[in-house]
Structures are given as structure tokens and as C-alpha cells.
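Going down the list, the protein sequences come from chains Z and H.
Just so it is clear: in the first sequence, position 20 is 95 by our numbering, and no numbers are missing.
Just so it is clear: in the second sequence, position 37 is 41 by our numbering, and no numbers are missing.
Just to be clear, a hint being listed does not mean it is correct.
[What the hints assert, rightly or not] Now the stretches of chain H that chain Z is said to cover, found in silico as 3 or more residues with beta-carbon under 8 Å: (1) 21–29; (2) 44–50; (3) 87–100; (4) 147–158; (5) 188–196.
[To be verified] Computed footprint of chain H on chain Z, listed as stretches where at least three residues anywhere in the stretch have a Cβ under 8 Å from a Cβ of chain H: (6) 100–111; (7) 267–274; (8) 307–313; (9) 340–348.
Since the hints were derived computationally from the structure, they do not count as laboratory data.
Just so it is clear, CB atoms sit at the ideal spot from N, CA and C, and this is done for glycine as well.
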Amino acid sequence: MRVLGMNGTRVGKRLIGTQAPVTVGWENIPRVEGGPVKQFVFTWFQPTMLFALLAFWYYAPNSIAKASTAIMIGIGFRAFLLALEWVNPRFDSWRLTWKELATDLFYVGLGYTLLRVVDEYIGDGAMVEAVQGSFDWDKFAWFMGLPLLLQAFLISFIFDFGQYWMHRGMHNWHPLWLTHAPHHYITQLNINKGAVGNPIELFLIGLGIGGFFDFLPRAALLAGTLGLAVGTYQHINVRFNSPRWWRFVFNTTEHHSVHHSQDFEASRSNYSGTWIIIDRMFGTCVDGEAELLGMEGGRRMSIRETMVYPFAEGWKTLKERFGRQEAVPAE
Amino acid sequence: MNLRFTDWIWHVKGSLALAPGQSSDEAFDRLDPLFREPGTSHKRTGDTLTFRKKDQAAQDKMSIFTDGILQIERGVSGLVLRYHLTSRALLLCFLAPLLFLGFAQLTVAIGILDKPTAEELAKEKKKEEEEEKKIAARPLNPIDKFLGAPAPDKPKKDKGKDKKKKGEEEDHGPSPMPAYVFAGIFAALYIGGRILEDRLVKSLFRKRLLDS
């Protein structure tokens with residue numbers, strides 16, 4: 076028996092939605108409204124794109140199956156999804172405005188420029204080189220003998236498994252949380268919101284993304300496309316009727332909106348990026364949806380504050396601790 | 005510096021005639037909800053309203069504005085609302101292309117400073133060739149062969165040309181291209197935003213003042 080409303084909903088041992096409204100349970104989540112064509116498109120779009128992209132990377136000739144193609148497809152896909160936000164928004168209260176678009180693109184721009192350069196020297200780029208230099212890849216021969224799609228699944232799943240624990244760590248350990256908190260100040264989900272946050276976090280999350288499997292582009296590209304055709308829907312203002320099997324295995328906008336809810340307990344769920352089944356494995360999955368997102372009752376954080384937050388808050392925390400210790404001998 | 009010629013970059017000004025018979029109090033009452041958004045403070049003194057915004061909500065209809073003055077004056081044919089709004093968002097968007105051009109220059113500079121030596125290049129090339137050989141030596145899984153996935157290219161085949169091109173790109177380190185693209189994107193965003201937001205705020209005020 077589910078109780079809806081501000082009393083919260085019991086999910087396992089937890090009470091979800093006592094501080095802010097969260098809809099729990101698939102049966103309570105609205106479906107796509109409109110004519111049969113619209114219903115059809117927004118029911119089948121996600122699986123169709125996923126299988127089309129997988130087929131593309133599986134069969135593309137070597138001259139096309141390159142990282143640069145993946146980057147172009149990624150940009151094109153996101154641009155298309157941005158258009159879908161206009162056609163079929165999930166919530167009117169998440170509509171993209173000029174300022175939201177400009178702000179989001181600023182963070183996207185940082186990711187493509189400054190962060191890329193930094194990563195090259197002290198981030199995943201440098202790490203990959205170090206690992207590749209000291210690693211006997213022949214030991215991985217068995218892996219590369221596996222069918223391509225299995226390799227792709229394993230790369231994607233193992234990577235997401237690491238991301239799950241990094242993300243969960245960010246929500247449980249204060250120093251890491253300081254880097255992740257600014258991302259939780261977003262008050263609506265749009266296609267570029269995944270890039271919004273303090274660059275240190277993006278740097279931390281980026282660790283490991285790199286080219287561990289650069290030398291076998293096809294499996295890596297297939298794994299990457301899983302992230303694109305599934306993970307992208309974490310931050311988007313579009314309503315889809317995702318198939319049951321999809322939302323059982325994959326992360327969805329619904330799951331991620333719960334993670335971004337103003338409700339504290341709800342935000343401590345759905346940590347994975349692509350494979351929500353990892354959350355199911357560890358008991359952190361909440362199937363539901365939230366419209367009211369953010370922190371501090373939905374205060375929107377400026378770019379400036381986002382940039383300095385980990386340092387400013389970290390300093391504040393240190394000072395509090397230091398201050399308390401100082402107060403003890405005075406007693 | 006005389007700001008008169010540059011302040012249009014982040015200042016939005018305009019005026020609207022009030023409905024016949026509408027008093028300034030009535031007009032400000034109608035506009036009042038716009039200044040009750042989170043993070044907004046405002047003050048009304050007679051025919052003047054001043055406001056200030058911080059951490060504007062995403063869906064605040066006036067989210068791009070930082071502060072402003074609204075005044076109701078007597079015009080030729082009745083009362084007129086004159087507004088003068090300033091927007092930090094517009095100013096930053098106007099400056100953003102410069103920032104990204106700076107990133108581009110930085111990328112170029114790093115590419116020059118950190119140019120790999122001939123020795124490093126040779127080492128890298130050797131490593132790459134070895135990897136490529138390993139990949140080519142590994143047969144495709146029978147399942148993939150059956151389904152018709154293309155096998156990895158055999159090395160040494162028409163490699164000279166390809167290699168050269170690839171090598172050339174890598175020599176110069178990270179590409180400044182994305183930074184140039186984003187400089188362009190923000191220039192376009194600024195122009196679009198300056199025109200769009202000017203119109204939106206005017207129609208917002210008009211709707212508030214004239215709609216019954």
C-alpha cells in the first residue's frame with residue numbers, strides 16, 4: 076500500500092518525499108499525451124535510436140568508425156534532443172530559457188576546451204598513458220577475443236560500476252560532496268545540464284573515462300554509444316513512454332529527477348549513469364519522478380558561486396572545526 | 005570612458021504607454037507580481053520602482069536582469085512607463101567569446117611550448133605500430149565474423165599517407181578548434197539574446213499592464 080503526499084512514501088526502509096513532493100511507482104507517472112503519431116514516436120524513439128546507433132557502430136567501415144565520428148554524432152544527437160524538448164516537454168516548469176541555454180553552454184564549452192587541456196596533462200589522459208605504459212595488454216587478449224557487443228557491454232558496465240561508487244561516495248563523504256553539490260543546485264533538467272557543475276567534479280568524474288580501450292575502437296565506440304543513447308536521458312526535459320524493460324535495466328529521466336529532488340532522502344538514490352540495474356543490485360534504486368529539483372528550496376546557483384563553492388565551503392568547514400577546537404581549552 | 009555608446013550591451017531600455025485612465029499606482033500594482041519572485045527585492049517610491057535580483061530562479065520571467073528602474077512619466081498623450089534594466093547575463097555573454105578566444109590562444113601556446121621531441125615522436129610511433137599489429141593479429145570473434153562486422157585494418161597497408169596526416173595532427177597537441185567554435189556560439193547567443201530578451205520583457209510588461 077502506497078501513501079502519496081508529504082507524509083512520504085515508504086520504499087524499503089526509507090521514507091521518500093517527506094520534504095518535497097516525489098512521485099513513487101511507475102503506475103503513478105503520467106504518460107505521453109497527444110495523438111497516436113506523437114504517442115508512437117515518444118514510445119519507440121529511445122529503443123529505436125539505441126539499436127540504430129549500435130548497428131551503425133557495429134557495421135561502420137573502419138574509415139568511419141573513429142572517435143571524431145562519435146563526437147559529431149554526439150553533438151548532432153544532443154541538438155536533435157534539444158529540439159524534442161520544444162515538442163514534448165515533460166514539465167513546463169523545466170522549459171529552456173535563453174539564460175538557461177547560455178549558462179548550460181558555458182559549462183559545455185569549458186568541458187570541450189579548458190578541461191580537455193587540463194585532462195590531457197593531469198587527468199585521465201595522463202593516467203591512461205601511465206597505465207598503458209606499465210601494463211601488459213597481452214593479458215587482456217582473452218577480453219578482446221570476446222564478441223564485440225559483449226566487450227562493449229562489459230566496458231560500459233564496469234565503467235558505470237566505478238562511476239556508481241564515485242557518485243555514491245560524493246553523496247556520502249563531505250570533501251567529495253563539496254565538488255558535487257553545485258550540480259545539485261540545478262532546478263530543472265535540460266539536455267546540457269549534465270555539464271553544469273564545478274569543474275573539479277567533472278575532472279573527478281572524467282578520471283577513467285579515457286582511452287583505456289583506445290586501441291580497440293569498435294568495442295569502445297559501441298560502449299560509448301550506450302552512454303550516449305541511454306545516459307543522455309538523465310538530464311532532458313522530454314516525456315517518453317520508456318518500455319518496461321528499458322526502465323528496469325537503464326537509467327531514465329524519471330530516476331534521475333528523483334535523484335535531483337529537493338527531498339534529501341530521494342536524492343540519495345539512483346546513483347548510476349547508464350545502468351540503473353546497479354542501483355537495484357545495491358538497494359539504492361527508487362522508481363519515480365520529481366518536478367521540484369535543487370537545493371535550499373530551489374535556489375539557483377550563479378556561475379561564480381559554482382566555481383568557488385568547493386573552496387569557499389571547504390574553508391568554512393575547516394574554520395568551523397578549527398574554531399571549535401580553539402573553544403575547548405577556553406572552557 | 006563614456007558608457008553612453010557601449011551600455012546598450014547590457015542595458016535594456018524602453019517605454020510603454022499606459023492604458024487610458026490607468027494611474028501609476030494601478031500600473032505598479034499590476035507589475036507587482038514580477039518583483040515577488042525569489043531573490044528579488046524592490047522598492048516603490050511614488051512614480052518610481054527600483055528592483056534588484058540575485059540567484060534568480062530559472063523560470064523567473066525577468067531572470068536575465070540584475071537590477072533596474074521603472075518610472076511612470078507624463079507623456080504627450082497620457083502616462084508612460086519608462087524602464088531601464090541592466091543584465092549581468094547579457095554582459096557576460098557578450099564577453100564570453102573573448103574568454104573562449106583566450107582559451108584558444110592558451111591551447112595554441114601549450115601546443116608550441118609542449119612540442120614533443122623527435123625522440124618522443126619516434127617512441128610513440130613505435131608503440132602505436134605495436135598496438136596496431138596486436139589488434140590486427142587478433143582474429144574477430146566467430147560470432148562477429150558471422151554477423152558481418154568489419155575486421156580491424158591490417159597494418160602497413162597504404163599506411164604512409166594516413167600516418168603522416170595523423171602524425172601531423174598529433175604534433176600540435178590539443179586542438180584550439182572547439183574554443184573557436186564556442187567563441188562563435190556565444191557571439192550568436194549574445195545577438196539572439198539581446199534581441200529576444202528586449203522583446204520578451206516589453207511584451208511581459210505590456211501584457212501585465214494592458215490585460216484585463
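Status of the hints after comparison with the structure:
{"no.": "1", "hint": "21–29", "verdict": "violated (count 0)"}
{"no.": "2", "hint": "44–50", "verdict": "violated (count 0)"}
{"no.": "3", "hint": "87–100", "verdict": "holds (count 4)"}
{"no.": "4", "hint": "147–158", "verdict": "holds (count 8)"}
{"no.": "5", "hint": "188–196", "verdict": "holds (count 4)"}
{"no.": "6", "hint": "100–111", "verdict": "violated (count 0)"}
{"no.": "7", "hint": "267–274", "verdict": "violated (count 0)"}
{"no.": "8", "hint": "307–313", "verdict": "violated (count 0)"}
{"no.": "9", "hint": "340–348", "verdict": "violated (count 0)"}
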